[in-house]
Structures are given as C-alpha cells and as structure tokens.
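2 protein chains.
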Amino acid sequence: MPAPLEYFFDFTSPYSYIGLQAFDALASKYRRGVNYRPILLGAAFKASGMQALVDIPLKGDYARRDIERSARFNDVPFKMPSTFPISTVNTARALLWLQSTGSAKSLSFIQRAFQMYFVEDRNINDLAEIAELAQDIGVDAQAMTAATQDPAIKDKLKAQVEEALGRGVFGAPYMFVDGEPFWGHDRLPQVERWLKMGPF
Amino acid sequence: MPAPLEYFFDFTSPYSYIGLQAFDALASKYRRGVNYRPILLGAAFKASGMQALVDIPLKGDYARRDIERSARFNDVPFKMPSTFPISTVNTARALLWLQSTGSAKSLSFIQRAFQMYFVEDRNINDLAEIAELAQDIGVDAQAMTAATQDPAIKDKLKAQVEEALGRGVFGAPYMFVDGEPFWGHDRLPQVERWLKMGPF
Chain H
42 MPAPLEYFFD
52 FTSPYSYIGL
62 QAFDALASKY
72 RRGVNYRPIL
82 LGAAFKASGM
92 QALVDIPLKG
102 DYARRDIERS
112 ARFNDVPFKM
122 PSTFPISTVN
132 TARALLWLQS
142 TGSAKSLSFI
152 QRAFQMYFVE
162 DRNINDLAEI
172 AELAQDIGVD
182 AQAMTAATQD
192 PAIKDKLKAQ
202 VEEALGRGVF
212 GAPYMFVDGE
222 PFWGHDRLPQ
232 VERWLKMGPF
Chain V
42 MPAPLEYFFD
52 FTSPYSYIGL
62 QAFDALASKY
72 RRGVNYRPIL
82 LGAAFKASGM
92 QALVDIPLKG
102 DYARRDIERS
112 ARFNDVPFKM
122 PSTFPISTVN
132 TARALLWLQS
142 TGSAKSLSFI
152 QRAFQMYFVE
162 DRNINDLAEI
172 AELAQDIGVD
182 AQAMTAATQD
192 PAIKDKLKAQ
202 VEEALGRGVF
212 GAPYMFVDGE
222 PFWGHDRLPQ
232 VERWLKMGPF
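From first to last, the protein sequence lines stand for chains H and V. Going from the first sequence to the numbering used here is simple: count from 1 and add 41. Going from the second sequence to the numbering used here is simple: count from 1 and add 41.
Here chain H stands alone, though its shape is the one from the complex:
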C-alpha cells in the first residue's frame, strides 16, 4: 500500500483552505490516505526571510483580490476575516492532540476550523472557540482545550514545524506525493497527473 499523501498547512492560510476540498477529492479519487499536518507559517517565513503575503507592497493588494477570486473559482465560501493573519498555535495543537487519540474526526476538525475562521470570522485560536469547535464535531471539549497546554503536545508541534522546515516547506499548502513537493493549491493539476501517471 502506498504511503499517505501529506498536506502541510496553517489554519490561517487562505490558500490552504481553498485547496483542501479539491486535494481531499483527489486523494479519494486515487485511493490514497492523507496525513494532514498543521504547521505555523510564521516560523517558515522567518527561515526563508519572507513576509506574510498580504503585508508585501503591491503583492499584498493583489493577494487579497486573488484569494477571494480563487475561492469563488473553487466554489468555496469565503469572507476575509477581520483579523488576518492570526496565530494558530492553539488550533494546531488541538488538531495534533485529536490526531494522537486516533480519532477519525481530523478532517472534520480542519474543515470546521477553516469554516469558522474564513466564513464566520471567528478567532479559532481562542480556547473558547476551540471548545465550541470540539462540541460541533462531537469531541470532548475540555480534553481538547486542556491538550493545547500539554507540554507533550507543545513539543509535538515544535517538532512538526522543525521537520517541515527541514524538508523545505516555506509556504502553504505544501504537499508531498511520494516524496515530490508541490506548493500551492494551484499545483493540484500537477498533483493529479503525478497521482495518475507517476513522475513526469
């Protein structure tokens, strides 16, 4: 059985949200599992000397327009959050904890978190919002919020970010298909060819 695909993302990354549904559909189509791996882009930006997209002169203005248009193009509901970007350290830890329990609800967590942030304009890094998210998907809210302060989970996120940087991840979504790196939701056509026909 082939190794799972990997989808590195940050919960504050619009393109990670916009690409999620189509990526998941591709994985299903080609019968591949996916490891959804939350990271913190701030650390990656620091390593590569980059800034958050919307803070760059000229490029930032275009990015806001492109994000909204790309969401419409992909039929994904989207409203630019009033605070953007945000820290997502607690959200990422909550997901890592959920994954560590062997829960089958990881993807539901991710989808609901994106929806809360990019449609409902809620700060998904707040523990109160994370508790509501847990309830929405039928997970123990108290255990999940407590886990965001668990040293073992904190270390796990640090290690995941380090691993991502070590593997060259500098933006999101950043996908690996059998070792091949693809950056950006706009590379999904290339991902599909790779899944279908192998290396090209």
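Worth flagging that the hints you see were computed from the coordinates, not collected in a lab. This one's a predicted model, so the numbers in the text were calculated from it and none came from an experiment. Careful, some of the hints might be misleading.
Identical copies go unnamed one by one, so any copy, or any two together, can satisfy a pair.
[Claimed, not checked] In silico DSBU-like pairs for lysine-lysine, Cα to Cα no more than 30 Å straight-line: (1) K237 with K70; (2) K237 with K120; (3) K87 with K195.
Knowing the structure of chain H, use the given hints to seat chain V on it.
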C-alpha cells in the same frame, strides 16, 4: 471590439516563457488580440521589496524544481540557463522597437528569444545575439540593435515599467483581462473562465 488582453513579462522569467504558448492559445480561442508588454522585473522587485525567486532560501530550491516540472507539465522544452536571471534591458528595447514599426513579428520575436535563452542557453541581452535573433525572424538586424541605444526607445521602456508598477505589476507573467489582473501562468484556468463567462 473588445480591448486587447495584456501580457506583462520579463524575458528572464521562466514562468513567462512557460505560460506564453497557453496564453496565446487562449487569446486565439476567444478571438482576442494581445499586447505583449516587456518589462524589467528588477524594478518591480525593488518596489515590492521582493527578491528574485531563486535567491530566496528554501523557496529558491523549490522554484528551480517547480520551474522544470511546470515546463514538462506544459510540454515546453526547457533547460535552466547557466546564467540566471539576466538583465534583459536590450531585449526588451529591441521588442519595443519592433512593435513601434508596426511589424507583425512581435510574437515570433518573443518566442525565439525565449527559446534562445531557455533552450539554447544564449544570453539574449547581448547585441550580437539580438542581431542573430533579428536574422532568424527576418528583421533588419542593424536597425534592431541600433534601436536598443535609441533614447526614444529607452524612454519608452522606462515609461512601460513605470506604468506597470503603477498598475500593481510585481511579478511575471502578469496579465490583464478587461481590467482584471491575473498573476502567474497557473492562473490561466481562471483567465479562461473570465474570457468565457465574464467576471466571477
């Protein structure tokens, strides 16, 4: 008759080369003219505080891989030039001069210049190479190389770069379709929808 599409590009931009053929095919399919407008990305990078892609840590390594893979994905012959990026000020001026003569060979010039740089590894900013390019496409080589030093052509390129910056161009290819900006060859699917169905 609708206004021509615009394709802002730099002769040293691999993605401008990779996207050219598909963009031109889209324009033909939807019966639209195109203004191919050479600029100098160095000036745009200065305005936006960006660096050349391949010089950015992490991102640069990925970019080299992505450029070669994207060329294969688009069936475009490609060999990373031994010197990259290069100044393309003379190449851009030569094209501006050719366009100013009303010649129908602009697209042939662009295609041949890209081929010389990205397939044959020739420095297309050298006047000797520009003279050969002129001969290849059946244009007066002496007039073309002389034009690269013509103050009026120099001013024209400066004005074009200024106009591009004023309109938010920060990278290449940067396309306008009826006022809507699209950055990157990977936005061609969105360009096509815009051409086909109008604003979305």
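Hints versus structure:
1. K237 with K70: both (10 Å within a copy, 28 Å between copies)
2. K237 with K120: between (34 Å within a copy, 25 Å between copies)
3. K87 with K195: Close inside one copy (19 Å), not across copies (39 Å); limit 30 Å.
Every hint from the earlier list agrees with this structure, and none is contradicted.
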